[in-house]
Every structure is written in structure tokens, then in C-alpha cells.
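J.: Here's the letter readout for the chains.
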Amino acid sequence: MNTITLTTDFGTRDWFVGTMKGVLLGINPRAAIMDITHEVPPGDVRAGAFALMAACRYFPKGTVHVAVVDPGVGSLRRAIAVQTEDYVFVGPDTGVLSWARAREKIKTIRQLENPKYFLKTISRTFHGRDIFAPVAAHLSRGLSLKKLGRELKDFVRLPWPKPEERGGTLCGEIVYIDRFGNAISNIAAGFVSGEAKAICEVIGKRKMRCVWAEFYGAAPVNSPVAVVGSSGFLEIAVNGGSAAQRFGLKPGNAILVRTN
Amino acid sequence: MNTITLTTDFGTRDWFVGTMKGVLLGINPRAAIMDITHEVPPGDVRAGAFALMAACRYFPKGTVHVAVVDPGVGSLRRAIAVQTEDYVFVGPDTGVLSWARAREKIKTIRQLENPKYFLKTISRTFHGRDIFAPVAAHLSRGLSLKKLGRELKDFVRLPWPKPEERGGTLCGEIVYIDRFGNAISNIAAGFVSGEAKAICEVIGKRKMRCVWAEFYGAAPVNSPVAVVGSSGFLEIAVNGGSAAQRFGLKPGNAILVRTN
Amino acid sequence: MNTITLTTDFGTRDWFVGTMKGVLLGINPRAAIMDITHEVPPGDVRAGAFALMAACRYFPKGTVHVAVVDPGVGSLRRAIAVQTEDYVFVGPDTGVLSWARAREKIKTIRQLENPKYFLKTISRTFHGRDIFAPVAAHLSRGLSLKKLGRELKDFVRLPWPKPEERGGTLCGEIVYIDRFGNAISNIAAGFVSGEAKAICEVIGKRKMRCVWAEFYGAAPVNSPVAVVGSSGFLEIAVNGGSAAQRFGLKPGNAILVRTN
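Chains as they are written, first to last, in the working numbering: chain A, 5 to 264; chain B, 5 to 264; chain C, 5 to 264.
What the hints contain is simulated information worked out from the structure, not anything from laboratory work. Built from N, CA and C at the ideal position, the CB exists for glycine as well. A hint or two may mislead.
To be clear about the criterion: a stretch of chain C counts as covered by chain A if any three or more of its residues have a C-beta under 8 Å from a C-beta of chain A, and this derived list gives those stretches [stated by the list, open to error]:
#, stretch
1, 7-18
2, 27-39
3, 75-86
4, 126-134
Straight line, CA to CA, 20 Å or less: simulated SDA-like cross-link-like pairs of lysine to any residue [to be verified]:
#, chain 1, residue 1, chain 2, residue 2
5, B, LYS65, A, PRO33
6, A, LYS124, B, ALA192
7, A, LYS151, A, GLU117
8, C, LYS65, B, LEU123
9, A, LYS65, C, GLY30
10, A, LYS65, C, LYS124
11, C, LYS65, B, ALA35
12, C, LYS65, B, THR125
13, C, LYS254, B, THR125
14, B, LYS124, C, ASP90
15, B, LYS124, C, GLY194
16, C, LYS124, A, ASP90
17, B, LYS124, C, ARG61
18, B, LYS65, A, ALA35
19, B, LYS254, A, ARG17
20, A, LYS124, B, PRO64
Some chain A residues near chain C, calculated using beta-carbon distances under 10 Å [stated by the list, open to error]:
#, residue
21, THR11
22, THR16
23, ALA36
24, HIS42
25, GLU43
26, PHE54
27, LYS65
28, ASP158
29, GLY185
30, ALA222
31, ASN226
32, VAL232
33, ALA241
Could you build all of it, start to finish, from the sequences and the hints given here?
T.: In C-alpha cells, the structure reads:
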């Protein structure tokens, strides 16, 4: 259990992430510390939850995943650790851990309250460094979750927008825009596979329509295309361009898949 | 002594930092190389000095901290290594190391002049790769600083703006704006702790006033708030927004704390 | 053979790179994974090729270099691995590997077609994670390239613009703009060394002329200067500023060196 991942909204412009790594190495010098991303938009719990969900299962069993998107740092939101069959998740109970854990069988949830595993001085504004990093480092060395605090029955679950079937049309929504401007939806691959002739409509700033393809380059250059993306969800792309920019797509936009 | 940190203004867009890591690993394959930040604004020695100061003490004893903000690369500024009680600092003598070292007991300062520990070919524009990385890697393997060059009596010390007390008002200044738009001042926590009723005024583009709180979320959403930040200094924040953007705050702006 | 480098256009805003690292560690937990850059402009094969060329030879012998700039992901372009005297290169056969390999003696080129060394499920949009990362991890553990697939005679070679001599003037072009706004040309150091009095002209938006110097700071502040940069090529810089911004320089602009 020596790999630790970090998913935060701290950015890489300042010293915040570096400082967390210092704390991690101070406790577990042999940890392999891997960044998932630190560019989650500040306070955007859903974007952080999506990134963690998309990446976590590609890491080896036993990895400790730390995710800190924490608009309420210093307030009364709880700090938690969750043991699943394959991983340990550590972070604030803001929902940022919840989509990743939805796929995992949960063994135990613990509140982080034992100061023995925190830094000695706890700031009110940087629990990533003072609480989550030291706890994660101890866990990566094999510390039992029991030592951290009381068992919890549940944690904050971010609602996952489920696609709905309405009269031959599957209605979903855009949940994430990636760096390439691809608009990733909540419609999982299983819902749409094999429907090669499906037509996909997105209602953003204006309505746009696109055909289905197996990969980005299968559409004409600069044309919109619907593909099953690498995270396993239907996404809207533009071959050689940004779908989000071109069509003004945003999280929350409706996406309709018609199979007639 | 196997952890090496990097603080630079090289950015991550090009290959500069990656190249330094290649050099480090070539000499010390077991080094744990950690980025503090590479997004120091180009040539901004003060911002680099602040980042290093804020992060360095969270790393394990024996860490080699490399900081390269070096507007005068290739010119006659010296290259130095400094052994303190806990760390070794390596970089150009531009002042970028000086705020971090202010907190550390200095044991020896050496000029980097022994080419045995440099790359064989030294460019005039990239000493981070050709001098600082190889020296740091050798130091992380236990090389004595004595081997590097002559002992120096002193190094370039960046002036640290000290807050002043004037008739019941503590006068400081903004020294750093972080990614969240929090404006970090030079007023250390010790000066202001316990003054729960203190009023804080910042004179930027226009004068703004804010109350004191224990953490960001304790202020109303979108309201300015003065908190003791995680780096141990008073900072001005906006709950859920960017104080720098909203009030036009910049390094150098005066910040006044009144306790009446 | 335990160091693996990554050069991509995936950015660091999403989870793509983190996911590749998860896959790498799952197969080779002892790999030292180093980022060269992930900020190659989306689909810009030349920029990726230049970054890899500039950085790769600073890594220890045996390093596995993975480069993924892959506008045609999912289409029929080949996936390849190349063994040179010092390194192994892995990536799509888009030309992104070709400038780096131009300096290396090639031992064998293999097509990646043995699914035993891929992830079990291959997406059509993210071969970085599903093919290149697992292959690189196996190679870093010592897998012979023979196991990967058939031997290839050649690979896609990106044309390298060679500078031309015309009547006492060396005519080259800008090939890369770095984060500092330095405009790096295709004119190698060997062509220009010692010509201290050379005058350099760049024809961008408008014609600009600059003198030669040994390093950036040798020119007056805010003046343009031609130097031999750290990647071994002539570059145009502005002391304390951005040459690209100030003079509107772009890749493809002509650069003329006159020695009269």
C-alpha cells in the first residue's frame, strides 16, 4: 500500500500541493505520490468527484486516494476515510469522494478525529496539508482505519444525474467539459452501444445535432461527433476542435439520444 | 538525504523541468523529486522566495531544496549552496533562497565553482539543468558542501518588509496573491492572534475594510474576510470568490490592522 | 530500466495523465515516472517532437520515453516502439517520436500489436492509457521489443526544416516558442558559434533585427537579442520580456543570420 494519489482544486501555481507532498514523504518516505489533477475549478465538488471516479480504478489495489475539494474548510463538515475492497479514500465529506465510491464495495467509513495522525498544528484553512496528507501517509504505511476515529454509517453522496428513457429517447446531461472541449455526459456506454445509427442532440446555447462514431477522427474535420469516450460515457466532440467552445456546451446541458 | 524539491519559474509548458529531472535521476536514481511550483511568474524573485519559505519546512530533514528564479542567468551572479540545520538549499544567489533560510540556522554557505559536479557542457541560459540539478543530485547522495567551492560569508538577502506599529495600528503590506485570489500579507499570526474584534483595512485600488474570522467560510458568501492563513500570515479572502480580483489587490498594497 | 518519461498534449486539468500513471504503477510499481510536459498544444505533433528531442538525452540510459500527440487516435495510424542505443521510445507513429530518434542510432522498430501487453479493454479514444502506458511499463521491466509485434522498416519522419546558406546569409526558421516567449530556431549552435559580430534578422509580422550575445542578460533590458539557447539552437529573446509577444513571432517565421 504505497501509492498515494492526489486530486485537489489547489492548482500548481502556489506551494500548496508541494507542501502536502512534503508531509506525505515525512511520514512515508517510500510513498509513490501521483497527481490525478490539481486543476479542479476552485470549489467545484462535482468536477473533482468526476475526475476521481474516472481515474481511481486504474491504480493498483491498495492505493490511497486523497481528494480535497473543500469549500467549507475549517467549518463543521466532517473529515473521513473510507475503506473499500480495493482502495482507501481520504478527504472532506463534501461529496468529492462519493462518485468514486459508488463503484466500490464499502467496508468501513471512519471519521478523522484522532489528532495523533494529524500535524501538530492544525490551520483552519489548509486541512489538505494538516489532516488529509498525514492521515493518508499513515494509511499507506498500513495503519488500520479503526485508529482514526468513530465508525460512520454514511457519507455525503453527491446526486448522480441518472439518464431517463422517455418515449424512445434517452435524456441525459453534460457532466464535465475536458481540456479538449469534449463534453462528457452521464450516459454510460452500456446504454448506447451498438446503436450505430443513433442521432444525438444537445441543447446548449442552441440546439445541435451530431452523428455517432467510433472515434473522433471518424467524423469529418470540424464536425461534431458523438463517441463513447475513455471514461465510459457518451461524449460530444468536434474532430480537430472544441465542441464546448463551438456550441457553447456546459455541464447541465441536456443531451438526447434518439434511436429511431 | 534523498528528497529533492524544485521551485522555479520555468513553467510546465516546455521541457525545462523534465530535463532537470532527467539530470537528477542520472546522478541519483533513487531521488524522490518533488515539485513545489514551477509557476513562479518569470523573474519574480520575491514570489519564488515566498513559495519556498512557505513550503520548505514541511519536508523531511535532509531534503535538498533547489530554487531557480534567475533573471540574471549567465551573468556574474553567483551560484550557491547553503547548509542549514535541517536542509540544503541550492540555487542562484538572487535572493530566491533568502526568505526560506531566514528561519533556518545556517551552517555553511558555499559558492558552486567545482565543475566536477556540473554537467560537462554548461549553457549560458539554463543553469537549472547544467549546474543546479547535478549539484543537488550529488548533495542528495551525501556529497559534502566543502567539495563545491569556497566558503562565502553571506548571500543576497531579499529585504523582508517588516510590519510597523503606528499609534495602535499595525501597518503591513500584501506580499503574495495565491491562485484563489487570497492576498497574503507580511503580518505574522503572532501579531494578531486573539484580536477577534480587529478591523482590517486594505488600501489597493480603493480602500476596503473587512472583519476578522477564523476561516474563510465563517464570513458571509462573497464578503471579504481577514484570516490567519495556512502559511502563518494574515490574509484577505472573499468567501467563495477572489479577493484580489474583486478589490484589485496586488503585492505592495498597504494593509492596516486596527484594534480599537 | 526503471525511468519512464511522459510527453503528451493531455494537459493536467483532467485525469488523463494521472490515469496513465496508475496503469504504469500497476505493472511496474518501482517505475520512476517523470513528466516532460503535458502542455503540448492539442494535436501539435511538431511541438511535441521538439520537446521530446530537447529533453530525452538528459535522461539515464535505459529510460523509456512515451510520447503521445495523437490527433488520429482510434484510426489506422500505427502504434510503435523503437529501441535505440540508449533509449526506448513508445508512441503513435505520427512523427512525434521522429526528431528525438534522429539523434539516436536505431536498433529495432516494432509495431504494437500483441494485446497481451495492453489493457484488457481498449477504448477508441485513449490509447495513452490503454496501449502506450502498459507497453511502456512492461518495457521498463525488461520486456523484449520482439514480443510486441512485427518489425517495421521505417516510421513516420516529420520533416525537419534544414537551414540554407544563400550568399553569405544563413536562412532558417522559428520552430518553437517557449513559455518565456523566446523564439527557438532550427539553426544549430555549430553553424553560428564564434560569429560574435553576426546580425540576426527575423521576418515575422514585421522585420526585426537583433545583435548577438552570450546570454539573455548581456543585452540591454527590453532589447531583442540572439543567443545560442539551452537546446543547442539559435533563439531570439528579449531581456526581461517576451520576444514572441513584442515582435509577433511564430513558428514558421524566417530567420536570417548575416555575417558581413
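J.: With reference to the structure, classify each hint as holding or not holding.
T.: Taking the hints in turn, this is what the structure says about them:
With 5 residues carrying a beta carbon less than 8 Å from a beta carbon of chain A, the stretch 7-18 of chain C meets the three-residue requirement, and the given coverage holds. Using a Cβ-Cβ cut-off of 8 Å, 5 residues of the stretch 27-39 of chain C lie near chain A, which meets the minimum of three, so the contact claim holds. Given a C-beta distance limit of less than 8 Å, the hint that chain A covers the stretch 75-86 of chain C holds, as 5 residues qualify and 3 suffice. Only when three residues or more bring their CB closer than 8 Å to a CB of chain A does the claim for the stretch 126-134 of chain C stand; here the count is 6, and the claim holds.
In summary, the hint linking LYS65/B to PRO33/A is supported, as the alpha carbons are separated by about 11 Å, within the 20 Å threshold. For the hint linking LYS124/A to ALA192/B, the alpha-carbon distance of about 19 Å falls within 20 Å, and the restraint holds. For the suggested pair LYS151/A and GLU117/A, the alpha carbons sit about 9 Å apart, so the restraint of at most 20 Å is met. At roughly 16 Å between alpha-carbon atoms, LYS65/C and LEU123/B fall within 20 Å of each other, so this suggested pair holds.
For the given pair, LYS65/A sits about 8 Å from GLY30/C by alpha-carbon distance, which is consistent with the 20 Å threshold. Between LYS65/A and LYS124/C, the direct Cα distance comes to roughly 17 Å. Compliance with the 20 Å bound is thereby established for this hinted pair. With a CA separation close to 16 Å, the supplied pair LYS65/C and ALA35/B stays within the 20 Å bound. At roughly 18 Å between alpha-carbon atoms, LYS65/C and THR125/B fall within 20 Å of each other, so this suggested pair holds.
For the given pair, LYS254/C sits about 29 Å from THR125/B by alpha-carbon distance, which is inconsistent with the 20 Å threshold. The suggested pairing of LYS124/B with ASP90/C holds, with an alpha-carbon distance near 18 Å, which does not exceed 20 Å. Between LYS124/B and GLY194/C the CA atoms are separated by roughly 17 Å; this keeps the pair inside 20 Å, and the hint holds. Proposed proximity of LYS124/C and ASP90/A is supported: the alpha carbons are some 18 Å apart, at most 20 Å.
Using a Cα cut-off of 20 Å, the hinted pair LYS124/B and ARG61/C holds, with the two alpha carbons roughly 14 Å apart. Between LYS65/B and ALA35/A the CA atoms are separated by roughly 16 Å; this keeps the pair inside 20 Å, and the hint holds. The suggested pairing of LYS254/B with ARG17/A holds, with an alpha-carbon distance near 16 Å, which does not exceed 20 Å. For a cut-off of 20 Å, the pair hint linking LYS124/A to PRO64/B stands: about 15 Å separates their Cα positions.
Because the closest C-beta pair between THR11/A and chain C is about 8 Å apart, less than 10 Å, the hint holds. At a threshold of 10 Å, the smallest CB-CB gap from THR16/A to chain C is about 7 Å, leaving the interface hint in force. Taken as an interface hint, ALA36/A checks out: its beta carbon lies about 6 Å from the nearest beta carbon of chain C, inside 10 Å. The beta carbon of HIS42/A comes within 7 Å of a beta carbon in chain C, closer than 10 Å, and the hint placing it at the interface holds.
Interface hint at GLU43/A: satisfied, since its Cβ lies 4 Å from the closest Cβ of chain C, which is below the 10 Å cut-off. Hint status for PHE54/A relative to chain C: holds, with the closest Cβ pair at about 8 Å, below 10 Å. Hint status for LYS65/A: holds, given a least beta-carbon distance of 9 Å to chain C, under 10 Å. Residue-level restraint check for ASP158/A is violated (minimum Cβ-Cβ distance to chain C is 26 Å; threshold 10 Å).
Evaluation of the GLY185/A hint against chain C yields a held restraint, the C-beta minimum of about 9 Å falling below 10 Å. Here the hint on ALA222/A is kept, as its CB sits about 7 Å from the closest CB of chain C, short of 10 Å. Violation of the interface hint for ASN226/A is found here, the shortest Cβ-Cβ separation to chain C being roughly 13 Å, above the 10 Å cut-off. A least Cβ separation of about 8 Å between VAL232/A and chain C falls short of the 10 Å threshold, and the interface hint therefore holds.
About 8 Å separates the beta-carbon of ALA241/A from the nearest beta-carbon of chain C, less than 10 Å, and the hint is met.
Against the hints set out earlier in the document, violations occur for numbers 13, 28, 31.
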